[in-house]
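Dock the two chains into a complex; use the hints.
Residue numbers (the working numbering), protein chains in the order written: chain B, 1 to 365; chain S, 1 to 254.
Don't read these hints as lab results, they were simulated from the structure. Watch out, some of these pointers could steer you wrong.
Claimed, not checked - Some but not every residue of chain B turned toward chain S, in silico, with C-beta under 10 Å:
#1 A17
#2 A18
#3 I21
#4 R114
#5 T144
Think of the CB as a built atom: it goes at the ideal place given N, C-alpha and C, for glycine as much as any other residue.
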Amino acid sequence: MIFLRDVLIFAGLVALAAAVITSLFPVHEGPSAVPACSDCAFKLVGEYRIVQYGNYASLYLGTREVARYGWAYVEGKPLSIDETYSCAPEPTYVWVFGGVVHISCRGLEPKVGREIGFRKPAVELETSADWRGPGCLFTVELLTNVANGTLATVDVYDEGGRLVASRNLAIPGSFSFRAFRAGAYRVHIYAPPYVDRWLKAYATVGITSLINASVYTTNNTQDLRQLVSLKIFNLTPNWKSGRSSAAVTLNPRGDYFTVSDTGAFADFLLAWEDCRACDSTYGALYIDEVWLVSFKEKPELRRMRSEGGFWHEIYADGTLIYAHNKDSPKNDVYIGNNPFISVGFKSQDSTMNARATFVKECYWG
Amino acid sequence: MWSTAYGLIALAAVAFAVLYTVAHTPTLTAVSLADQLYNAKSWLAQNLPAFARTEKLSHFRLYSNVVRVKAVNATAYNAGQLVKFSVALPLGYRLEREGRNVLYQLFLNVTACRRVAAPRGEPYVLYEVELRHSLDPLPWLEVYAAVPRNSTEFYNWLYSLYKAWGRPPAVGLDPMVGADAGLVELVKAEHVLLYDATDGVARLYAAAPVSAAYILVVDYPLAAPLTCAYENLGVGTQDDIPVIEPPNPPELVK
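Just chain S, with the same shape it has in the complex (with noise of 0.2 Å):
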């Protein structure tokens, strides 16, 4: 009996030092902030196609992870002959997703489109997009022109979207970011991004060919598609090439 009490006694006071031991040694556990960034945009990615679309500015500016579009119309060839339907231009996003020890919050809004002339005097596309993003050193950012390689075809393809869902597809964004990759050549676009001290929010500047759908804007794996808000798109119409009248002749004095 005398035995089973020191025993007891001695149990107790091994167990209160093991548990001492164990609640004041630090337990390690890896905390991955790259992984759980990554994971937050490659969710943000499988789902931008589904996030809700919104025309009106009021709407983009309160809630997260919409789109703001524009419904212009666009023609394509059907059957032989030329059709109008209407198509979706995304414009801006207002993306945001929590890690466990992470908030990554993405803001792109398309503000101009200017014709400017590349330095050997091709016609490109300037956006003028701004940019304000939660993590100070986007590990990196890329910029893409998504040019058609045969303009038809991706009007088309386009065209067979909006007959099979009976809504204006988005330029780039649908059925999902990347299902035209076989229609469009991704070039690299060059760009710039300009912090400004006024008014906190960056801006970024790209230069994309005339003939481009789209930019496509690159957090990786993130690919989020900008389009210009141009009225009328597709084939068949001739917008982008301006009529140069040549000047009357001089009228001769008789």
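Excised from the complex, chain B in its bound form (with noise of 0.2 Å):
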């Protein structure tokens, strides 16, 4: 019992000591100054707050202005003036820079220097097209930095705002589409907040290297010799208006020719005249040779009417594929294994000798 007794009022000594000490500790008045430096860090326990003032800062310990700083930032943001900031009962972590004093309470390193933009999420495009390619495959490629799950939304609309094509897909990825018909789309990449954008594709057939050639879009009956021995009628303007068949008429006598939509890519009739000074009651009528080129998967040149008393030569891609009134090939078909064609006449009369090239071109705008 006497032990016990004694090691109780030896305790309470001890703990009235320890006390005493304590009081004298940092958390009113400690031993342990604030260490005074420009670039440093360290760690403050007790009752420490930071307050700011217009030309500086002030770090107590109860009431005791223990250090001035240039600015305070707590957390990465500065403090406005007349602030006051406080992590007790947790320790405050002090870092200096230039003094300027940067707190945190969770202990996460302040860092100098601001983000100039690299690290906003962004989104990017990337287009590409298989320009002269048989397929006509335009590709969107959505790439980004951190925005990564970010769904987006293609549609691709045709020129009379039909929607022809539309999908929703993550980002990064990419979005493909082919052009069946030739044409202009219009392209709509919606990813909220990162791309709200329009683009335009162009999906064509280029008529190049014309001779004696011209190209119509609507009937022409005109008598055109010595400037023009081959028309040709873009039919696919029709086809995309929603006839699903044209009459081309295309000369003074009136004939025509009817064509009608197989779904081709694009379509154009060939219409030739092959002699100077023939057709005195009409005129050129241009129905000697009569020939359908066609885009499908690969492009077509297909007869449709020869006739005349002069000889003729039909070639594609540089080949003879036809002869009228004369001993020669008699393809009435021909398919290219291009993304292009090439189509001439050839007259006893050469003055009417004509040409034209056929390339599909498909291209970002």
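Dropping the structure here:
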């Protein structure tokens, strides 16, 4: 019992002494001073608080000012004037850079230097198309730095504003579509809040290397000899306006040819006149050779009519495929292997020779 | 036994006092931002030739630590013959490196090159470079123009790199910045940094002699070579010399 009593008395005295010593420690006025430095880091435990004034920031321990700094930042954000901040009872982590104090209660290292936009989530587009390829494939690639998994919608509209393709995809990803009919397409790429863009995609058949030839999109019945021996009628606009067949009138006599829409990428009717001075009644009839160029999977050349007294030779991609009034190949259909086809007409009257090259061209505008 | 008990209690009290004092005494560690910044920039300087190079603007706008380049044709003499090969021209940088307490980001992008005349009439090229940086006061910024001492040797050297690697070398950047020290002379280029209040992008204008192969923007110790996106480079091309046709003499009226 005596042993227990003495232990209790001694423990009580020690506790009293500890309380006295503790009261002297930094909670109010401690023995250790706050380090004065311009570039350093330290940890403070106790009733510290930082107060921002108009031209400096003060670190207080209780009511005593222990240090002054240029400005105070707490967790990366500057304090406003007259604002006070304290981490107590948690420890305060302090960094001083060039006299400016950075405070964190969680011990997060502050960073000097502002972000200049590198880390901003962004989405970029990379477009590609098989220019002069057989497929007319358009691709939009959506790339991102940190916005992975964002959902994007890609909508493709035709010239009439009709939705022809649509897909939702996660970024990063890519979207491809094939243009089955020549025309201009509008592509809407929508991934809020990063991207809301309209792009234009052009799927066309370019007609080049015209010799004695001209291109029309409507009927043409004129006699245009000396200038035009080959009339090329572009039929695709008819299909796009919803018609399933078109009757093309091509001479002063009113002869016409009916062509139906077979769903080809593009169709052209070729009407050729073989003679400089014939057809005195009506003028040039342009029906000595009538052929149809259709771009399907591959370009096709198809004979519709041949007549006249002169001999003719028809060339496709440089090869003789048909001859009229002459011993030679008689191919009514030619299928090319390239995304282009060149067609040539030769006559006994060489001034009427004509040619044209058709090229499938797909590109982003 | 009693003394042991008193001793233990006293030890506990002393231990408490010591631990409390230790916990409440700020321990100072020095933080050197200057060192951290220097290390971040040195790291970028060392790795600059190894960064991904891209010709696609979309990639340049998205990713960090990439170099925007343009592949162009160059010519050199090889065994007395003019040979054509391709080189990459560095046109922009997006650089980023974090130290413990410092975030270093630098964006450089050549937007235009213009022929100008120096005050005494020498032909110069004015580089317009977009510049953004994460630390407002760049310790200092220097711009040098790298002028080949002998352009034939300079392009032959590039051609030897091309032959050895089988890929286009980047002018000023391969195999490392400063590797061409014996072939080019670095002359200080006059420059000015303009801050634009309307778009937040600073523009660096630097004037380099026409014969300079590239300019070197130095944020010590980081040095970034930048070029103009000309189509043809090297020896045997006369792009830099404008052809001035003599005016036609007036015809005599007979």
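Worksheet item: Are there hints from earlier that the structure breaks, and if so, what are their numbers?
Response: none
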